[in-house]
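Assemble chain B onto chain A, guided by the hints.
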Amino acid sequence: MSLTNPLPSSNKNTVSNQSRRQFLKNSGIATGGLVLGISLPQKTIAGIKMGEDSTFNPNAFVHIADNGDTLLYCGRCEMGQGISTALPAAVADELDADWTRVSIKQGEGNEEKYGPQATGGSASIRTMYIPMREAGAAAKVMLVAAAAKVWGVSSEQCVADNHFVINKNNQQKLGYGELASLAADQPVPDSVTLKEKKDYKYIGKDLARHNQGDIVVGRLTYGVDTKMPGLKYAAITHCPVMGGKLKSVDKTQAMKVKGVIDVVEIPRFEVPFGSLGGVAVVADNTWTAQQALKKLKIEWDLGEHQSYDTKAYKAHLVKNVENPAQLAAERGDINKAFAEAEHVVKATYTGGHLSHSPMEPNASVVWVQKDSCEVWAATQSPGDIQKVLAQYLKREPKDIMVNVTMAGGAFGRKFKCDYVHEAAVLSQAVNAPVQLTWSREEDMRTGYYHSISAQHIEASLDKEGNVTGWLHRAAFPAIASLFNPSLDRAPANNLGDVDNHPFGIANYRSETGEAKAHTRIGWYRAVYAIFYGFAFGSAADELAHASKTDTVSLLNNIYDNNKNPEQAEQVARSKAALAMAAKKCNWDNRGALPSNQGLGIAVHFSFNSYVAMAVRVEVNGDDIKVLEVDAIVDCGQVLNTDSATAQMEGAVVMGMSLSLRTEVVFRDGAVVNSNFHNYPVLRINEMPQVNVYFMENDYKPTGLGEPGLGPFAPALANAVFAASGKRYRDLPFKPMPM
Amino acid sequence: MSQSIKINDKSYPIDVDGEMPLLWFLRDRLELTGTKFGCGMGLCGACTVHIDGQATRSCVMPVSAAAGKTITTIEGLSENADHPLQKAWIANKVPQCGYCQAGQIMNAASFLATNKKPSSEDIDNAMQGNICRCGTYQRIKQAVVDAADEMYKEA
Chain A
1 MSLTNPLPSS
11 NKNTVSNQSR
21 RQFLKNSGIA
31 TGGLVLGISL
41 PQKTIAGIKM
51 GEDSTFNPNA
61 FVHIADNGDT
71 LLYCGRCEMG
81 QGISTALPAA
91 VADELDADWT
101 RVSIKQGEGN
111 EEKYGPQATG
121 GSASIRTMYI
131 PMREAGAAAK
141 VMLVAAAAKV
151 WGVSSEQCVA
161 DNHFVINKNN
171 QQKLGYGELA
181 SLAADQPVPD
191 SVTLKEKKDY
201 KYIGKDLARH
211 NQGDIVVGRL
221 TYGVDTKMPG
231 LKYAAITHCP
241 VMGGKLKSVD
251 KTQAMKVKGV
261 IDVVEIPRFE
271 VPFGSLGGVA
281 VVADNTWTAQ
291 QALKKLKIEW
301 DLGEHQSYDT
311 KAYKAHLVKN
321 VENPAQLAAE
331 RGDINKAFAE
341 AEHVVKATYT
351 GGHLSHSPME
361 PNASVVWVQK
371 DSCEVWAATQ
381 SPGDIQKVLA
391 QYLKREPKDI
401 MVNVTMAGGA
411 FGRKFKCDYV
421 HEAAVLSQAV
431 NAPVQLTWSR
441 EEDMRTGYYH
451 SISAQHIEAS
461 LDKEGNVTGW
471 LHRAAFPAIA
481 SLFNPSLDRA
491 PANNLGDVDN
501 HPFGIANYRS
511 ETGEAKAHTR
521 IGWYRAVYAI
531 FYGFAFGSAA
541 DELAHASKTD
551 TVSLLNNIYD
561 NNKNPEQAEQ
571 VARSKAALAM
581 AAKKCNWDNR
591 GALPSNQGLG
601 IAVHFSFNSY
611 VAMAVRVEVN
621 GDDIKVLEVD
631 AIVDCGQVLN
641 TDSATAQMEG
651 AVVMGMSLSL
661 RTEVVFRDGA
671 VVNSNFHNYP
681 VLRINEMPQV
691 NVYFMENDYK
701 PTGLGEPGLG
711 PFAPALANAV
721 FAASGKRYRD
731 LPFKPMPM
Chain B
1 MSQSIKINDK
11 SYPIDVDGEM
21 PLLWFLRDRL
31 ELTGTKFGCG
41 MGLCGACTVH
51 IDGQATRSCV
61 MPVSAAAGKT
71 ITTIEGLSEN
81 ADHPLQKAWI
91 ANKVPQCGYC
101 QAGQIMNAAS
111 FLATNKKPSS
121 EDIDNAMQGN
131 ICRCGTYQRI
141 KQAVVDAADE
151 MYKEA
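Chains as they are written, first to last, in our numbering: chain A, 1 to 738; chain B, 1 to 155.
Just chain A, with the same shape it has in the complex (with noise of 0.2 Å):
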């Protein structure tokens, strides 16, 4: 099977040959060759419009130069997922390139000539994969072209392989290099034939991802790792609670120390991703700054969310999920199904608000001048920036340059720019570049929390053990609130994907409780996977408790309940990665295992991709040792196993730090927690043995940075009660003492 794409038209994806002056003015690059950008459709993520549409917006630049060399330019950021290197691969692979010859560069942020640049939602992949694959078939074909004018034969009877095009005739050979500019004259063509799975170079191979020579010896540089002639350096204090206000500020002490330059208060910005407001100092060092902010005094008015305590909340979620709340979806007769039950089974699973406490806090240079804005910043959103920085500075998005450096992890955190707002504040007040590096401590204290949250279950069998009634409250506050305080409860499309699961329940309401934001709630990795997993997960091995069943069987049965024939994939993937799971963790043999182990199973659909996973813990006492993890991954046609393995494996580190401890915790309006001794993320000692395998199929590539942690915590959870009879509902299990 091979796909053939028609380019171009208005709403495809569109292939175009830039001309070398447009190019060379747009980009800066100073050789020759070949230069070809494409275009596709833009693209939304958790419902926020990503770019502005326009007729060109190239997001995959292939650049072969006359001596061969290729440079692939990646305008999704890199946070250490392996888009950079998983995306231009899939490139190169349409490209016959070689590996080695391919040089990939960090798109800078212009959406108009990358596309949308906004990274998260698992979405990279799923979106990009096709034009990716285009831009580089694309070339091919104009290189192929190249060479068979220049043989004077016709492009059949030429081959492209491994940087070279080969003369079937005769064998002979010209190399990318010799016909680079030559293929820019050729017409791009007008539709690709993309390869066969078959023939795959590249994709779905075990790559190393392309930076890590670089990592291992100290030279990539990261978002805090900036350095320029003239550079000032800041530290910064924000006011504990949302919404409080600077009262008053001694900068008297502060000011004597030697190497401060300015102490600057910064107001709250009051649009998305803007700072909270803080007081910061700028000096000629980092720990100069730090050491001169202990001396400010500083007195906050606190504001209406002083009194944000998190166990009071959770408390409050827990009343309102197990009272009637406000409707959401509803289908079938709940009130009959429940009347006619053999058993009900009702639950409240609860969670914590996270901190991403990605290992790099958050970090950027900003250099505001008279007529010109830039900035090099550890992102995920580099159009955010543009954004945000054009509103305060009163400028226009494009004359904002953002310069993406890599980030040291992210997860969510730094799609919000609130850090590099601060950073233009700081330069605008002392006239040089700054370099804002927030300590750990305000990285935990003034985050973008994962939401709270509470969910009920009520769920009702039938004498056969079928399940026939499903109600589901969930309450938490929404990310919405970030952009409309005013919300009394996560909308009902926040639900959309408890409503959507793909099990087949005939009778089914699901309804919002009221949670208003106290804090800032932003996208944490797998977002609500984390909590609907766990209760989803959690809840049918409640199920095949009660009904004297077990876990995979009792799932099967729900999902072959399923109906609706436009849940039919969902239902066969989800029950294959689950059988896979079974197999692999020899789940059916779990009866041999010592009295102390148990084996605990889930299966979570989420960001398009499915995975089940498997976990085998021992516990004594009150201790829960995660001996191993099966974690059994479907999305489609994987780009590169390495990274999605490794994704897999940072899914289960991280499942454990939230499932087993962490959680963050806030009394009178503030965050209690201040740096890892009690924000307590897993460590090396806790380490279980994680084996990933792939579903073989030929469902297009989706996501893999988030859909590993929905079936964790359920998997971990069932696993404890096979251990030891103890149903543990509330995430984190063993939270710290705070």
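Treat each hint with caution, since some may be false.
[What the hints assert, rightly or not] For lysine-lysine, the following DSBU-like pairs were computed, each having C-alpha atoms within a straight-line distance of at most 35 Å:
(1) B:117 / A:625
(2) B:10 / A:205
(3) A:105 / B:69
(4) A:584 / B:93
(5) A:297 / A:516
(6) B:6 / A:256
(7) B:10 / A:294
(8) A:227 / B:10
(9) A:168 / A:197
(10) A:294 / A:387
[Said to hold, decoys possible] Pairwise CB distance ranges (calculated):
(11) A:736 / B:54: 26 to 32 Å
(12) B:41 / A:668: 22 to 28 Å
(13) B:41 / A:267: 25 to 31 Å
(14) A:696 / B:113: 43 to 49 Å
[Unchecked claim] Some chain B residues close to chain A (C-beta under 10 Å, calculated; not the full set):
(15) 25
(16) 35
(17) 43
(18) 46
(19) 75
(20) 81
(21) 94
(22) 97
(23) 102
(24) 105
(25) 119
(26) 121
(27) 124
(28) 138
By construction, these hints were calculated from the structure, which means they are not laboratory data.
As the structure is a prediction and not an experimental result, all values here were calculated from the model.
Just so it is clear, CB atoms sit at the ideal spot from N, CA and C, and this is done for glycine as well.
Just chain B, lined up with the frame of chain A:
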């Protein structure tokens, strides 16, 4: 007369407040940015360097306390990126974001200098001060084992 400090075989005068942690002397004064800031409290290990061969958290070590000593940072660990740990890190494709990895490698290098055949438990004990939020621990463990094998293989 200012004190001096030897870093990656080069001598530098300590021309800052002696209380400044070595981390910030490296990063902001010398612009050796391979050593990372992670927590500022010696809790995460991202800032690990060697002082006279011993893994040390540079974020809590005043630069004056390192005066006269020999410092090695990730930039100076090997001439050609060929320390067995660096090679093992690449062979095992350890890094994800890579931010913590300089600290991980420096910590492992100091540990392997004295432990020729580390057990799984030895590695856990030696490496648990270094946090990786991306979750590369499984590969770190394998890379440490491989590097130990490479360093101490019998001739």
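Going through the hints against the structure:
The hinted pair formed by residue 117 (chain B) and residue 625 (chain A) meets the criterion: a straight-line CA distance of about 25 Å does not exceed 35 Å. Taken as a hint, the residue 10 (chain B) and residue 205 (chain A) pair is broken in the structure, with Cα atoms around 43 Å apart against an allowance of 35 Å. Proximity of residue 105 (chain A) to residue 69 (chain B) is assessed by CA-CA distance (about 39 Å); at most 35 Å being required, the pair is judged violated. Distance restraint check for residue 584 (chain A) and residue 93 (chain B): the Cα-Cα separation of roughly 24 Å lies within the 35 Å cut-off, and the hinted pair is therefore satisfied.
For the suggested pair residue 297 (chain A) and residue 516 (chain A), the alpha carbons sit about 32 Å apart, so the restraint of at most 35 Å is met. With a C-alpha separation of about 31 Å, the suggested pairing of residue 6 (chain B) with residue 256 (chain A) holds against the 35 Å cut-off. With a C-alpha separation of about 34 Å, the suggested pairing of residue 10 (chain B) with residue 294 (chain A) holds against the 35 Å cut-off. Restraint check for residue 227 (chain A) and residue 10 (chain B): satisfied, since their Cα atoms lie roughly 21 Å apart, inside the 35 Å limit.
Annotation: proposed proximity of residue 168 (chain A) to residue 197 (chain A) holds, straight-line Cα distance about 23 Å (limit 35 Å). With a C-alpha separation of about 32 Å, the suggested pair residue 294 (chain A) and residue 387 (chain A) falls inside the 35 Å cut-off, and the hint holds. Remark: the range hint 26 to 32 Å for residue 736 (chain A) to residue 54 (chain B) is upheld by a beta-carbon distance near 31 Å. Look at residue 41 (chain B) against residue 668 (chain A): about 23 Å separates their beta carbons, and that is inside 22 to 28 Å.
Separation of residue 41 (chain B) from residue 267 (chain A) is about 30 Å and conforms to the stated range, judged on CB atoms against 25 to 31 Å. Distance hint check for residue 696 (chain A) and residue 113 (chain B): the Cβ-Cβ separation is about 45 Å, which falls inside the suggested range of 43 to 49 Å. Annotation: residue 25 (chain B) was flagged as interfacial toward chain A, and the flag holds, the nearest CB pair being 8 Å apart, inside 10 Å. The beta carbon of residue 35 (chain B) comes within 7 Å of a beta carbon in chain A, closer than 10 Å, and the hint placing it at the interface holds.
Satisfaction of the interface hint for residue 43 (chain B) is found here, the shortest Cβ-Cβ separation to chain A being roughly 4 Å, below the 10 Å cut-off. About 6 Å separates the beta-carbon of residue 46 (chain B) from the nearest beta-carbon of chain A, less than 10 Å, and the hint is met. Contact between residue 75 (chain B) and chain A, as hinted, is supported at the beta carbon level, the nearest pair being about 5 Å apart and thus within 10 Å. Look at residue 81 (chain B): its Cβ gets to within about 5 Å of chain A, closer than 10 Å, so that hint holds up.
Restraint check, residue 94 (chain B) versus chain A: the minimum CB separation of about 8 Å is within 10 Å; hint holds. This hint holds: residue 97 (chain B) has a C-beta 3 Å from the nearest C-beta of chain A, less than the 10 Å allowed. With a cut of 10 Å, the hint placing residue 102 (chain B) at the interface with chain A holds, because the nearest CB-to-CB distance is about 5 Å. Hint on residue 105 (chain B) holds. Least Cβ distance to chain A is approximately 6 Å, under the 10 Å limit.
With 10 Å as the threshold, the beta carbon of residue 119 (chain B) stays out of range of chain A, its nearest partner Cβ sitting at about 12 Å, so the hint is violated. A hinted interface residue such as residue 121 (chain B) counts as satisfied when its beta carbon comes closer than 10 Å to some beta carbon of chain A; here the least separation is about 8 Å, so the hint holds. A distance limit of 10 Å between C-beta atoms decides the matter here; for residue 124 (chain B) the minimum to chain A is near 4 Å, and the interface restraint holds. Interface hint status for residue 138 (chain B): upheld, as the beta-carbon distance to the closest one in chain A is roughly 6 Å, under 10 Å.
Violated hints, listed in ascending order, are 2, 3, 25; each of the other numbered hints is respected by the structure.
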